[in-house]
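K.L.:
If you want the building blocks of each chain, they are given just below.
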Amino acid sequence: MKDTIGNKQVIRATKILAVWTFLWVGSMALGTFGPKFIWNENTTLTIIGVIINAIFGAGMIFANIRHLNSLDELQRKIQVEAMGVALGVGVVGGLTYSMLDTTNLMEGDAEISIVVILISITYAITLAIGQIRYK
Amino acid sequence: MKNRLKVLRAEYDMTQADLANRLDVSRQTVNAIEKGKFDPSLPLAFKISNLFKLPIEKIFEEEML
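Chains A and B, in that order, give the protein sequences.
Take the first sequence: its position 48, counting from 1, is numbered 48 in the numbering used here, and each next residue is one higher.
Whatever position you read off the second sequence (first residue = 1), add 135 for the numbering used here.
Calculated from the structure, these hints are not laboratory results.
Incorrect hints may appear among the rest.
Stated by the list, open to error - Only pairs whose alpha carbons sit at most 20 Å apart, straight line, appear in this in silico PhoX-like list of lysine-lysine:
1) A/Lys77 to B/Lys188
2) B/Lys188 to A/Lys135
3) B/Lys172 to B/Lys188
4) B/Lys193 to A/Lys77
5) A/Lys135 to B/Lys193
Said to hold, decoys possible - So the derived label-pair ranges between C-beta atoms look like this:
6) B/Lys172 to A/Gln9: 23 to 33 Å
7) B/Met136 to A/Gly88: 22 to 32 Å
8) B/Ser184 to A/Ile48: 50 to 60 Å
9) A/Ile112 to B/Leu177: 16 to 26 Å
10) B/Glu192 to A/Val50: 56 to 66 Å
11) B/Asp159 to A/Thr102: 32 to 42 Å
It should be emphasised that the depicted structure is a prediction, and the values quoted were computed from it without experimental measurement.
C-beta atoms are modelled at their ideal positions from N, C-alpha and C, and glycine is treated no differently.
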């Protein structure tokens, strides 16, 4: 497909989003494992790590908004549907999971990572369904 | 909503990619509109109307239930 100005904008916005996402995930790993394995529980470095992670997270959010704005109306519809389903499943699934924990119906503590994984998988599946539906 | 986009595109000897480039949308969007899977927004419908020099109602037709 020929590269239009619109396509170039989408590619550029996608690359920028990928960079911010990579930075955010990387800083998350650093902030999580750094205190124990790199800087030996130094509080100042831990606070800096958390702040950097939050800044990269904010950058990723703005990059995501920019990415959404670069898409055409059908692509945006597919994205918004996937995000909507992922949010719904995340809230309902997350609260159900939390209820299982608070009522002691499951062993161990509820982990936020499980909810993040649930949201991510739901988003990926719904996005794929949307792409196939409007193919 | 039914539309004559495929016919008009053929009359103008355009591929889906050509039309997508002219409208500044993806080929997937043109294909979805042609197949009636996706209804374009009013601005996009006007763009299509201007491109083919036809009023919107000559291109798009509401499907009566």
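K.L.:
Give a verdict on every hint.
P.N.:
Checked hints:
no., hint, result
1, A/Lys77 to B/Lys188, "violated (28 Å)"
2, B/Lys188 to A/Lys135, "violated (28 Å)"
3, B/Lys172 to B/Lys188, "violated (24 Å)"
4, B/Lys193 to A/Lys77, "violated (26 Å)"
5, A/Lys135 to B/Lys193, "violated (25 Å)"
6, B/Lys172 to A/Gln9: 23 to 33 Å, "holds (24 Å)"
7, B/Met136 to A/Gly88: 22 to 32 Å, "holds (28 Å)"
8, B/Ser184 to A/Ile48: 50 to 60 Å, "holds (56 Å)"
9, A/Ile112 to B/Leu177: 16 to 26 Å, "violated (42 Å)"
10, B/Glu192 to A/Val50: 56 to 66 Å, "holds (58 Å)"
11, B/Asp159 to A/Thr102: 32 to 42 Å, "violated (51 Å)"
This entry does not satisfy hints 1, 2, 3, 4, 5, 9 and 11, going by the numbered hints stated previously.
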